[in-house]
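Number of protein chains: 2
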Amino acid sequence: MANNKLVIIGGDAAGMTAASKVRREQPEREIIVFEKSDYTSYSACGIPYFVSEKVKTYEELIVRSPETFRNKYNIDVRTQHLVLEVDTDNKKIKVLNKKENKEFWESYDQLLIATGGKAFCPDVKGYDSENVFGVTTLKSGINIECYIEEKKPKNAVIIGGGYIGLEMAEALLERGLEVTMINRSEQVMNTLDPDMGELVSEAIKGLGVKLLLNEELAGFEVNDGKVTSVISNKRNIPTDMVVLGMGSRPNTDFLKESAVELDAKGAIKVNAQQQTNIPDVWAAGDCALTHHLVSKEQVYIALGTIANKTGLVAGGSIAGEKAVFPGVVGTAVCKVCSYEVARTGLLEKQLQKLNIDYVTAKIESRTRAHYYPGSKKIVVKLLAEKNSGRLLGGQIIGEEGAAKRIDVLATALTHNLTLQNIIDLDLSYAPPFSPVWDPVQTAARKLINDI
Amino acid sequence: MANNKLVIIGGDAAGMTAASKVRREQPEREIIVFEKSDYTSYSACGIPYFVSEKVKTYEELIVRSPETFRNKYNIDVRTQHLVLEVDTDNKKIKVLNKKENKEFWESYDQLLIATGGKAFCPDVKGYDSENVFGVTTLKSGINIECYIEEKKPKNAVIIGGGYIGLEMAEALLERGLEVTMINRSEQVMNTLDPDMGELVSEAIKGLGVKLLLNEELAGFEVNDGKVTSVISNKRNIPTDMVVLGMGSRPNTDFLKESAVELDAKGAIKVNAQQQTNIPDVWAAGDCALTHHLVSKEQVYIALGTIANKTGLVAGGSIAGEKAVFPGVVGTAVCKVCSYEVARTGLLEKQLQKLNIDYVTAKIESRTRAHYYPGSKKIVVKLLAEKNSGRLLGGQIIGEEGAAKRIDVLATALTHNLTLQNIIDLDLSYAPPFSPVWDPVQTAARKLINDI
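One line per chain: the protein sequences are V and C, in this order.
Quick note on numbering that gives the first Met the number 0: the first sequence kicks off at 0 and runs consecutively.
Quick note on numbering that gives the first Met the number 0: the second sequence kicks off at 0 and runs consecutively.
Excised from the complex, chain V in its bound form (with noise of 0.2 Å):
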């Protein structure tokens, strides 16, 4: 299997985690990984931090560059290649040279899939004009970055109110835009059961965003291949820019008409070696499923956690190791301006549909000793099953040292462990980090009562 030639679609965090994981575990391996941007391994997550201009250049944001890799690695990484079709009874894919505009097939002995995400939009039209972006690819943060430099816009708007959005308001706002937001829902973060997610809709309102909820996007209103009104089903918004915020979509289009196995909305069956259906042939990241940890369904989420670790099992698999991808809890944060917003495992409407008979309680607390400088409020939600205790879900919302608690409560998601587990937890205490009940546990404290 070492001499085998191994083709990699997609140089991003799935796909370069796997080339460098193989690499790593079989040194002579030929690796050619297509990328059909010019940029390999950078932070997706980062582009809104570039936008706003807290990270300088978008040079910061890539980790390797496809140099790197195929100087110090030996990773034959081919940018500005776009795959178009994968034939896997013959293996081979159909490559498209962008610089030269050459089509080519190339074989393959095995195959990672790992093209990530693309930003939803419906069908509208004008959603491909020139101020339009989404948010999933370094290229459309430099985009963006280029159009506020150069256009300089005073004001956009945002279509989605989940983490992408979440981040691109904080953004747009400290580059001086009037943001409003449009949201199909009652609530914004969707991800959130309602109750916590009205918390992020005040907070927001709080900083200045004109949150527009119940309102879905119609249509564009376009001028000289510029939209220049967002038309919901309620009012004609006139704007300078647009940022699609509705959430991302597996990058499959090209493998429509092969064997590889696909769910509904396009994203890629594997099992938790990272193996689709077709052997030889594997898929991480944002283009894949995953399996939920509590649900135990198959889920889409687009994280770049899951798109690193996924990828270091697929080139574990490739080269021939025991590696295993247990699954996810759904654990995601995300900060804007001042707020930080976590959450990990199932929402009250995700139990109601399984059948899960369910407590839950919300406490607030603060995120140090009440009386230590700078401790902030911090909003606590569990949900754990009736009689069992078993936890099923947490969501916290505060200020600073608020978020990063969630990771304790996805650890006891994973492991099964119980409300009473939670609370007998010897977790950290000093006044500047947290009250001495930390405030999981105070909420696991209140939520035990009503098991």
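Incorrect hints may have been included.
Remember, identical chains collapse to one label, so a pair may be satisfied in a single copy or spanning two.
To be verified - Within a straight-line C-alpha distance of at most 25 Å, the following computed SDA-like cross-link-like pairs (lysine to any residue) qualify:
#  : residue 1 : residue 2
1  : K225      : E129
2  : K445      : V323
3  : K376      : Y57
4  : K295      : K348
5  : K138      : R367
6  : K321      : S387
7  : K385      : V323
8  : K375      : C336
9  : K53       : G161
10 : K376      : S337
Simulated from the structure, these hints should not be mistaken for laboratory data.
With chain V held as given, fit chain C onto it using these hints.
Below, chain C alone, put in the same frame as chain V:
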């Protein structure tokens, strides 16, 4: 049992947590608390921040006053009452009413001993001078603050480089004093491995503390009731005040003639219900031993979190619940100016003593994404069992955002997780909070190669 008379000795964390718990479960029960000072339920851990004037008044450190307990919770708190003797045969205690200087015997049906700890000081002439301060009771904190206000000392010697010593060093530096710290062994923070303690030594020297290692208290030079010099085994250090940071000892001298079983250093032996060897006598908090979940030994660890938890369990047991305190993993955290130090589990020297075959690795990472402003250095050291890969301990030193990561390791330790389990955890990531691999996972990834 609900009509029995409960007597509690000690009105701080453990005692009042227990009293409150019993009151919630048994609204009519007679509860008497004898407290030697004027204060109940205060945060002794907050004293350094009162001394530094980060906390303006000592009242802010008090969670609930004796009056609140009496009026709102119907708990008969008697301050300025010092318990002198316990007679378990006849179920009574001898009490000194300090205000009236009167001794009396009080009977009990059930007794909880929660007398906490006291600052250790070797039996050196002058240790009770007016400018020698322990840091274990609110009274001691007030004494330090008054002394600084009134006498305006220019310098101080701190004896001992543990948590209290380090926190007091920060406080006194912030008050403008010159600080000399003498430390008996070669490293400060003997709750860390030497290589990590070394990093703390460097950090506090950088802050301006004159650190004298391998130097031991030999005596005090006393003039007019005041210590004017600390005499070490190496030199004579003139000083305006002395702070004792040599750890704490259980405050149990009054039990020496009783039937309550103590260990060699005076800590009360208890079972998982916080029961002593004597029926109807419980103990909790800094006066008692506790079970270490990793070493499986009985240990003495004086910390507010443990006092609160064991107080809650003692209260539950006394109220007839099946309450159990499973034990601790030795988690602790400390801040010294911009440095954060955290630890959990066992040290190398402890593992060697227990004949546990272990591996260890240390990594340097960042508290946030490397490109995110305010990203700081963090060093994580992990210890794991050879072959199984089970986590045995973790130590963290870094700047803002470093320390609270110890909680994931504490959770992992408590539930016997392996390095692979830690790598697989779905921990939260966004650039303002963490690199894409949390530093504890980066450390696990390094160490797993060695098991």
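> In ascending order, which of the hints set out earlier in this document are inconsistent with the structure?
Replying inline: Every hint satisfied by this model.
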